[in-house]
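Peer 1: Construct the entire structure; sequences and hints are all you get.
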Amino acid sequence: MSGKQYVEKMIACIAKRDPDQKMFRDTVTEVLSSIEPVLDAHPNYETAKILERMVEPERVIMFRVPWQDDKGECHVNRGFRVQMSSVIGPYKGGLRFHPSVTLDILKFLAFEQVYKNALTGLPIGGAKGGSDFDPHGRSDNEVMHFCQSFMTELYRHIGPDVDVPAGDIGVGGREIGYLYGQYKRIRDSYDAGVLTGKRVDFWGSFARTEATGYGLLYFVKNMLDAKGIGLKGKTLVVSGAGNVATYAIEKAQSFGAKVVTCSDSNGYVYDPDGIDLAALKDIKEVRRARIKEYVQTHPHAEYHEGCKGVWTVKCDVALPCATQSEIDLESAKRLVANGVQAVGEGANMPSTLDAIAYFLEHKILFAPAKAANAGGVAVSALEMAQNSERLQWTFEEVDGRLKDIMKRIYTNAKKNAETYGDPDNLVAGANITAFSKVAEAMLAQGLV
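Residues in the sequence shown are numbered from 0 upward in steps of one, following numbering that gives the first Met the number 0.
To be clear, the hints were calculated from the coordinates, so they are not data collected in a lab.
It is possible that some hints are incorrect.
Calculated cross-link-like contacts (lysine-lysine; reagent style DSSO-like; alpha-carbon spacing at most 27 Å) [unchecked claim]:
#1 K332 - K21
#2 K307 - K233
#3 K313 - K291
#4 K226 - K313
#5 K257 - K332
#6 K307 - K280
#7 K362 - K291
#8 K226 - K406
#9 K48 - K291
#10 K280 - K231
#11 K257 - K280
#12 K362 - K3
#13 K402 - K231
#14 K70 - K21
#15 K332 - K231
#16 K414 - K3
#17 K183 - K231
#18 K291 - K183
#19 K233 - K313
#20 K48 - K21
Peer 2: Below, the structure written as structure tokens:
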């Protein structure tokens with residue numbers, strides 16, 4: 000059986016077994032379709048059923064999360080943990096609290112996480128979890144009650160050498176603190192390495208908050224530098240206003256670029272003078288308000304309802320940093336028509352498959368999510384290392400290691416892209432790099 004036939008067989012199997020899991024099927028399709036040359040070169044992968052094992056989680060945990068709000072009303076949410084692969088190290092991946100959370104989305108994210116983590120070169124496997132709980136508009140007390148209930152079940156399935164969750168959408172420093180406090184209370188043990196993204200005053204890592212956004216810009220800069228294109232003076236469009244977007248904007252500005260947009264789930268801001276980072280941080284990190292408040296103190300800025308319009312703004316570089324599938328084919332066409340030179344994915348799979356194909360077809364430099372946004376999990380792994388050593392490295396040391404990791408990820412993806420065909424197809428290059436590492440580890444460990 001050829002590599003192409005093997006891939007088609009697996010995608011058909013997933014469609015039949017889980018017909019409602021479109022996001023999971025799409026990410027599997029994106030990865031497997033780009034590794035066909037590797038499968039042709041290694042027929043033993045089919046014999047060992049590597050793909051069949053890769054697309055099936057090692058374990059899926061689903062549980063109810065009962066909690067009480069400030070008015071005394073009882074609520075029940077659904078909690079998940081998808082432990083996809085531990086072949087390279089302990090399960091590692093974020094927790095997402097958002098109404099959109101389903102098993103489909105978490106399987107998609109966990110599958111991506113396996114390969115993203117493999118790209119870092121660090122000893123971590125892949126997982127993802129979360130709940131359909133919405134922390135927006137909830138008091139600190141309500142969030143604490145929910146987190147304590149969530150951890151009362153999750154603690155059975157995690158540990159510093161088993162599974163190490165982190166934050167994601169809806170799970171920041173506040174939520175990690177409440178989750179860790181409950182874990183410590185139940186276990187009666189100070190296992191600092193069980194969660195990453197902790198505050199630095201109880202053994203979190205410096206630069207963890209900034210890591211995904213900074214790492215994205217380090218990767219994009221490597222990609223542009225290889226083509227003789229600098230970031231200085233370039234106009235950037237960024238979506239999102241969370242940690243990834245905020246610190247992508249910060250690092251982009253430090254490289255001399257002008258970022259003119261940011262967004263949240265309600266709409267986006269366009270500031271032709273460049274986004275005022277201090278104002279953005281005050282709105283989203285301090286006051287936890289909506290992004291539309293930005294225009295109240297910046298009269299030259301514009302606020303637009305809806306998020307898709309952000310991709311109509313003319314730019315040199317687009318950085319989708321909000322959520323999955325935010326750039327569809329129509330948005331990709333608009334960006335290309337407006338002269339975009341490069342796209343760097345800060346969120347998890349923020350471009351649809353047809354949008355990615357359109358970018359590659361039109362020779363747009365494209366930094367795929369599993370490579371470009373690996374900075375967050377890389378520093379999470381560095382946080383685990385610091386916890387194991389009972390040491391805390393300086394911001395500069397962590398940032399330096401992050402910069403080296405992102406350069407290595409780019410270099411390896413570029414090398415494999417050149418080896419297997421198109422030297423500018425970093426999607427294939429990153430997928431092949433990660434897949435090869437995971438597949439070889441699976442063969443070495445036997446049929447487990």
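Peer 1: Against this structure, judge whether each hint is valid.
Peer 2: Okay, the hints, checked on the actual structure:
1. K332 - K21: holds, 23 Å
2. K307 - K233: holds, 22 Å
3. K313 - K291: holds, 21 Å
4. K226 - K313: holds, 21 Å
5. K257 - K332: holds, 23 Å
6. K307 - K280: holds, 23 Å
7. K362 - K291: The hint is violated at about 35 Å.
8. K226 - K406: holds, 15 Å
9. K48 - K291: violated, 51 Å
10. K280 - K231: holds, 23 Å
11. K257 - K280: With Cα atoms ~17 Å apart, K257 and K280 stay inside 27 Å; holds.
12. K362 - K3: holds, 24 Å
13. K402 - K231: holds, 18 Å
14. K70 - K21: violated, 38 Å
15. K332 - K231: holds, 25 Å
16. K414 - K3: OK: K414 and K3 at ~22 Å, within 27 Å.
17. K183 - K231: violated, 46 Å
18. K291 - K183: violated, 39 Å
19. K233 - K313: holds, 11 Å
20. K48 - K21: The given pair, whose Cα atoms are some 23 Å apart, holds under the 27 Å limit.
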